[in-house]
Every structure is written in C-alpha cells, then in structure tokens.
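Asks: Chain order of the listed sequences is A and B. Mapping of the first sequence onto this note's numbering: position 142 corresponds to residue 142, and the numbering continues sequentially without gaps. Mapping of the second sequence onto this note's numbering: position 20 corresponds to residue 20, and the numbering continues sequentially without gaps.
Check the hints yourself; a few may be wrong.
A pair holds if it fits inside one copy or across any two, identical chains being indistinguishable in the list.
[Stated by the list, open to error] Straight-line alpha carbon distances no greater than 20 Å define the calculated EDC-like cross-link-like pairs of lysine to aspartate or glutamate that follow:
no., residue 1, residue 2
1, 327, 193
2, 334, 26
3, 327, 94
4, 299, 287
5, 299, 231
6, 303, 209
7, 166, 19
8, 149, 77
Keep in mind that the hints were calculated from the coordinates and are not lab data. It should be emphasised that the depicted structure is a prediction, and the values quoted were computed from it without experimental measurement.
Now for the letters of each chain:
2 protein chains.
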Amino acid sequence: MSIVQVDLGRRSYPIHIGEQLLGRPELVAPHLAGRQVLVITDDQVAPLYLKQALATFSDYETEQLILPAGEAQKTLENLNRIFDRLLARRFGRDATLVALGGGVIGDMVGFAAACYQRGVGFIQMPTTLLAQVDSSVGGKTAVNHPLGKNMIGAFHQPRCVIADTKTLQSLDTRQLRAGCAEVIKYGLISDVDFFVWLEAHLEAVLGLEPQATAEAVRRSCENKAAVVSADEHERGQRALLNLGHTFGHAIETGLGYGRWLHGEAVAAGMVMAAQMSARIGMLPDREAARVQELLERAKLPTKLPPELNVESMLGHMSVDKKVLGGKLRLVLLKAIGRAVLSEDFDPEILRNTLEAG
Amino acid sequence: MSIVQVDLGRRSYPIHIGEQLLGRPELVAPHLAGRQVLVITDDQVAPLYLKQALATFSDYETEQLILPAGEAQKTLENLNRIFDRLLARRFGRDATLVALGGGVIGDMVGFAAACYQRGVGFIQMPTTLLAQVDSSVGGKTAVNHPLGKNMIGAFHQPRCVIADTKTLQSLDTRQLRAGCAEVIKYGLISDVDFFVWLEAHLEAVLGLEPQATAEAVRRSCENKAAVVSADEHERGQRALLNLGHTFGHAIETGLGYGRWLHGEAVAAGMVMAAQMSARIGMLPDREAARVQELLERAKLPTKLPPELNVESMLGHMSVDKKVLGGKLRLVLLKAIGRAVLSEDFDPEILRNTLEAG
Numbered sequence: 001m002s003i004v005q006v007d008l009g010r011r012s013y014p015i016h017i018g019e020q021l022l023g024r025p026e027l028v029a030p031h032l033a034g035r036q037v038l039v040i041t042d043d044q045v046a047p048l049y050l051k052q053a054l055a056t057f058s059d060y061e062t063e064q065l066i067l068p069a070g071e072a073q074k075t076l077e078n079l080n081r082i083f084d085r086l087l088a089r090r091f092g093r094d095a096t097l098v099a100l101g102g103g104v105i106g107d108m109v110g111f112a113a114a115c116y117q118r119g120v121g122f123i124q125m126p127t128t129l130l131a132q133v134d135s136s137v138g139g140k141t142a143v144n145h146p147l148g149k150n151m152i153g154a155f156h157q158p159r160c161v162i163a164d165t166k167t168l169q170s171l172d173t174r175q176l177r178a179g180c181a182e183v184i185k186y187g188l189i190s191d192v193d194f195f196v197w198l199e200a201h202l203e204a205v206l207g208l209e210p211q212a213t214a215e216a217v218r219r220s221c222e223n224k225a226a227v228v229s230a231d232e233h234e235r236g237q238r239a240l241l242n243l244g245h246t247f248g249h250a251i252e253t254g255l256g257y258g259r260w261l262h263g264e265a266v267a268a269g270m271v272m273a274a275q276m277s278a279r280i281g282m283l284p285d286r287e288a289a290r291v292q293e294l295l296e297r298a299k300l301p302t303k304l305p306p307e308l309n310v311e312s313m314l315g316h317m318s319v320d321k322k323v324l325g326g327k328l329r330l331v332l333l334k335a336i337g338r339a340v341l342s343e344d345f346d347p348e349i350l351r352n353t354l355e356a357g
Numbered sequence: 001m002s003i004v005q006v007d008l009g010r011r012s013y014p015i016h017i018g019e020q021l022l023g024r025p026e027l028v029a030p031h032l033a034g035r036q037v038l039v040i041t042d043d044q045v046a047p048l049y050l051k052q053a054l055a056t057f058s059d060y061e062t063e064q065l066i067l068p069a070g071e072a073q074k075t076l077e078n079l080n081r082i083f084d085r086l087l088a089r090r091f092g093r094d095a096t097l098v099a100l101g102g103g104v105i106g107d108m109v110g111f112a113a114a115c116y117q118r119g120v121g122f123i124q125m126p127t128t129l130l131a132q133v134d135s136s137v138g139g140k141t142a143v144n145h146p147l148g149k150n151m152i153g154a155f156h157q158p159r160c161v162i163a164d165t166k167t168l169q170s171l172d173t174r175q176l177r178a179g180c181a182e183v184i185k186y187g188l189i190s191d192v193d194f195f196v197w198l199e200a201h202l203e204a205v206l207g208l209e210p211q212a213t214a215e216a217v218r219r220s221c222e223n224k225a226a227v228v229s230a231d232e233h234e235r236g237q238r239a240l241l242n243l244g245h246t247f248g249h250a251i252e253t254g255l256g257y258g259r260w261l262h263g264e265a266v267a268a269g270m271v272m273a274a275q276m277s278a279r280i281g282m283l284p285d286r287e288a289a290r291v292q293e294l295l296e297r298a299k300l301p302t303k304l305p306p307e308l309n310v311e312s313m314l315g316h317m318s319v320d321k322k323v324l325g326g327k328l329r330l331v332l333l334k335a336i337g338r339a340v341l342s343e344d345f346d347p348e349i350l351r352n353t354l355e356a357g
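Please put together the full structure from these sequences, using the hints given.
Replies: Structure follows, in structure tokens:
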C-alpha cells in the first residue's frame, strides 16, 4: 500500500492506494467524527463491493443507500434522496457519508456531505480508475443541471480516500480505457516523465498488472494532489486539470449525458486541445501526433462524434463553466508535460480545429 | 450611514446601514467581480423595492427573478429555479447574485450563490428588521427540508450587505416586533450596555425613529459580526446566537410553521432560557424579570402557547436534539450580557421551567 498526502492545512488527508483496502477499519477509523455512517453506492457497484465496504465500518451505526447508476442520475433529485435518508434516520452533524463507486457517486455524495447541515465529513471509496485517479481527489463535488454538467456544487474535501485497486478488476474494458484518459492527462499537463512511462507501460496498466496499476494510480494522485494543494479553489493553476474538458463537456452535453463516457469525451477533447495548440504554432505537430497515438493505443476516441457539428460544439462550449465574463478559456499545450491556460486565441483557429476534428 | 465590518480575512465585508441606500451604485461597485447581476426577490417585496434595487446596478447586465414569498417557499425546488435562470442566461463564475428581501430570500439566494458553479459572489439587501440584524450577516445559508428547517445549506459569506433602514417602514407591526426579539437577543448574549440602551429606547426603535433604528441595527450587527469573526463555522461560541432558539424551534414545530413568527417564538424561548437560568441559580430572579419585561414592552409573547403542553415541548426539543446529534445543549444566561452554553443541567429543572412557562 502507498499513501499520497493531499496537503491542505487543516483539511489535509491521505489517499491510500493498494489491493484489498476495503474492509480495513484501521484505515478509516481516524477519520470518523461520530458513530453514524451512511454508505452510498449505486446498483451496479452494490452487488460487488457493498458488503466489503460495510465491513470497514462494522463498529459503527451503519446505513446504506443504493442509487441508480449512471451520469444521468447525478441530479438534484437523487441528491435529495440522500438528504431524505439522512433526515429520516436523524443523522447528526458528526455523521460521515461514504461514497462507494465511480465519479458520479463520489461527486454527488461529496456534494450531499458539503450541504447536509452545512457540512459533514465524507470518505471516498472509488471503484473505477477514473474516480481513483481524478474525481475522488481534490474536493470538487457537484450534480448536473439539464443545461450544464457540474453546474451546482461545492468544494468539500474528503476526510480520506481509499483507492482499492483490486476493485478495478470488475471494470469493463471501456470504463478502464476511459479512466486511462485521465491518467494520460496528468502526463500531458505536468509530468513528461510519467507520459514517457505510460508510452512504455500502457498495455500493462490496461491489463491491470498490479504493480503497473498501482504506479499509474499513485503518480496520477501525486500530480493531482500537488495541483490541488497549490490552488484548492481553482483560482489559477488548478484550471489546468481541465485539459480536454471544455471540448469534452461540449461533446457530452451535445450527445446527451451517458452516450460517451466522460473519459472518452476528455480523450477526444485532449486531442482537440493538442491539435489546436499545434495550429497556433505553440506545440510541434509531432508532439500533437504523440498525444493522439497514445490515446489511440488506449482505444479511446480521438475525433468528434459525427452527430455533432461545429456550431453545436461552439454553442455548448460557450455555456461551459470556464467561460469568464464571456471569454472562453482553454487549456492548451506548450509541450507534453506543460499545459497552459489561454484566453486570447484566434476564434477562427478554434473553429478550424473543430472542423478538422 | 454607518459601516460595520465583518472581519474574516479574505472574506471580510462591510455592512452599510442607513436610510435610502438602495439605488446607490458606489456602495456595491467594489464588490462586483463581473458584469452579470441577478437580483432575486419575492412577490411581496418586488412591488416595493425591486425598481430601487435594480437602479443600484444600472451599469451592469441585470436580470431579475421574482419568487413566491414565505418560509414554505425556502425549498430545493425554488433554489433550482434560480439555477435555471442563471444557466438559461449563461451566467458565469464572476456573476453576482443579489438577495432583496427578508431572511427566506437571503438564505436561499446565499445558498444558490454558494453552489452555482461551486461558488459565486452575492450581495445581501435585507428589507426586514430580522434580516438586517441577523440573517443577512454571517454567511449561514440554507433551504428547508420537509423533515427539518435549514437542513441543507452552506457557509457562504456575502460580498457586502446593504441594510437600508428606510425599507423597514413597509413592515407590518408584527414583523417589526418579531425582528426586535433578535435585537434584544444581542443585548442578552454579550452586550449589557446595549440592553440598557434598549430599555431606554425600545419605543423609539419600534416607532422607527431614524436615529434609534440605525443605532439598533448597527449595534446588533456589531455584536453579530464579533461572534461570526471569532467562530465562522459554529465550532463553539457562535452557538450562543441560538439563545432562545431551541425552545423557539420546539414552539414553531409544535404549532406548525407560520402560526408564530420566528422572532415571536424566540422571544418566548429567551424568557424560558432566562427563567431556567434563574431556577438553576445562575441568574438572579430580578434579571430574569427584566428580560421578560422588555420583551413584554415589545408586545412579544413571553409564555408558551396554551396549545402546547410540557410533554409536547419536551418531545419537540428532544427530536431537535436527535436531529442535530449529541446532547441537548441549551444557551443559558449567567447575567444580562453573558450567555453560556450548557449541556449538563438537571432535566427536572427544564421540565419545571416548561411547566411554569
């Protein structure tokens, strides 16, 4: 087991990474304020891991809540189901919520914890690669709105993260590949060595070889923790983590949530960002090609879905939450391992990139 | 005009108090991050003050949203109507929400601002005495849940508060008296001089004599600001602001919300707290009588409503205890101007107090 620490002063917390960490009470005990624990998961994860997760809290007053799975379920309505249960069972301010599942469960449970009685503790138990390397770390929580993803949320850090890499074995290949998009993202943003390592070990990671998997999760978490520690509330550098996401969110919104997985949309978005960077002359064409090649090896989409035309992409991108005062801000690449925020690009280059994509 | 500063480091903000402050752009201009402003109010306040409030932001891109009035409207559903509007109009992260109205609008708009895109700025323009002296200051925001008041919310400080005392002239007498209960509360908790001042000037405040009103609002805000600055997230001393509220909530719940105004229930609750303190021997009888006398002069209730017997009060107070977790904790008085938190009191004394009340 390895531990990555997220340094945030009083809100610091550990990410435990390794095999068979569910069911180990000693990892969570220091992070529970009171005796009441509500474990929330979805109907796909529950049959696989709920029993193990509950065993982690066998010394506590434990409740469980199983929500329907899927991005389309990340709604205010399901959030309210969590509140209903907490209040029906009279959970107090020292209660702890536990998010067992992927990014959807993690984001929604985290937001419920942020709001319930103006804030209670929560623990992330991510069971997908995407959640282990990205969404469970850093305290971004949210639900979707019909007009935009993650539009309603809060910054609320977990008390700890338990990333049991054994749970990745139940992921279907498509989910695993989608998670890999976010792993590759960290190499692109700030860690060229990791990108090179991934070029050498991609198949080992996708094959879930234990050491390669743990290494990929650990280095992803280290990269994310460093960014989050420096800029918790995304006033600056944290926005770099959105590489590929403005394009990606537009794809997800345009297709309707759930058609493409988040990581798939981000993969195509990162290729768009790399190609746009190359068009601007900021990134050598060869490097943009390397980005595309690695994502193709992971069998991730690297082009826009044919259903979406340029106009609908531009429309969805303009409502994205990274629009500041009407200006669209994109994360572009100066090199592999060096992402930058850009506001003043020629809109024609964006249009040309989308047309070519 | 006077200014009370709430000191919270980077989240510090001014409360402007005085007549005819609505419509003065220079007071809000330093606190607006971007150009988009959504002014939210209710259908009772809109005909009276919306035009003036909008004039304050005449140099900005202003939208308005009018919600139905009343505590029963402080729901997730109405919160979502705010999000609908923000997203339909593509409001960005630098947008500002403005809460024009009483505590219901302030709490709901503040919570919307806390959650929209994980936090945007907001400005409080309180138009009731209760909101000017209490709910608009300190950053507690929330909506209600059918199983409990203010159960879903956040701590989110406004960028500034504009307390235009002229707006109090449209309050009906009952609302004004109810707001006065919270004014008297500050004297009881931490400011004996203010209590003595109120004994001398109560009728001037209730008569809305401009100087007396401004003074009452200013000193209330100063007291609240001091408590909030010391304990923003209610980890300790801020709980003193709940003087009279545990009794009061039990009255409100027992009668059904809306029968008594919040301030009315708090008034009777403060008398209970004073009488219980006297029974314990913590507060001289003469001081408890002074508390009751001042509230009687304000024509506020000082006894339990006859519909509620001791058992139902104890039931609602203990339900409250379970909902909030832990032990029943009451705010009692060691002196006028010196409130204390107490958990270890003899339950018989609580019962005797309720029987006598």
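Asks: State for each hint whether it applies.
Replies: Taking the hints in turn, this is what the structure says about them:
1. Taking CA atoms no more than 20 Å apart as the test, residue 327 paired with residue 193 passes in neither setting, with 33 Å inside one copy and 53 Å between copies.
2. Taking the shortest Cα distances, residue 334 and residue 26 never come within 20 Å of each other, neither inside one copy (44 Å) nor across copies (43 Å).
3. Taking the shortest alpha-carbon separations for residue 327 and residue 94, only the inter-copy value of 11 Å comes in at or below 20 Å, while the best intra-copy value is 42 Å.
4. When the C-alpha separation of residue 299 and residue 287 is checked against a cutoff of 20 Å, the pair qualifies only within one copy, where the shortest distance is 19 Å, while the shortest distance between copies is 78 Å.
5. In this assembly of identical chains, residue 299 and residue 231 lie within 20 Å of each other by CA distance neither inside one copy nor across copies; the values are 33 Å within and 52 Å between.
6. Neither within a single protomer nor between protomers do residue 303 and residue 209 lie at most 20 Å apart by alpha-carbon distance, with minima of 29 Å and 70 Å respectively.
7. For a Cα distance limit of 20 Å, the shortest separation of residue 166 from residue 19 inside one copy, 5 Å, qualifies, whereas the shortest one across copies, 65 Å, does not.
8. Proximity of residue 149 to residue 77 under the C-alpha cut-off of 20 Å is found in both arrangements, the shortest distances being 15 Å within a copy and 18 Å between copies.
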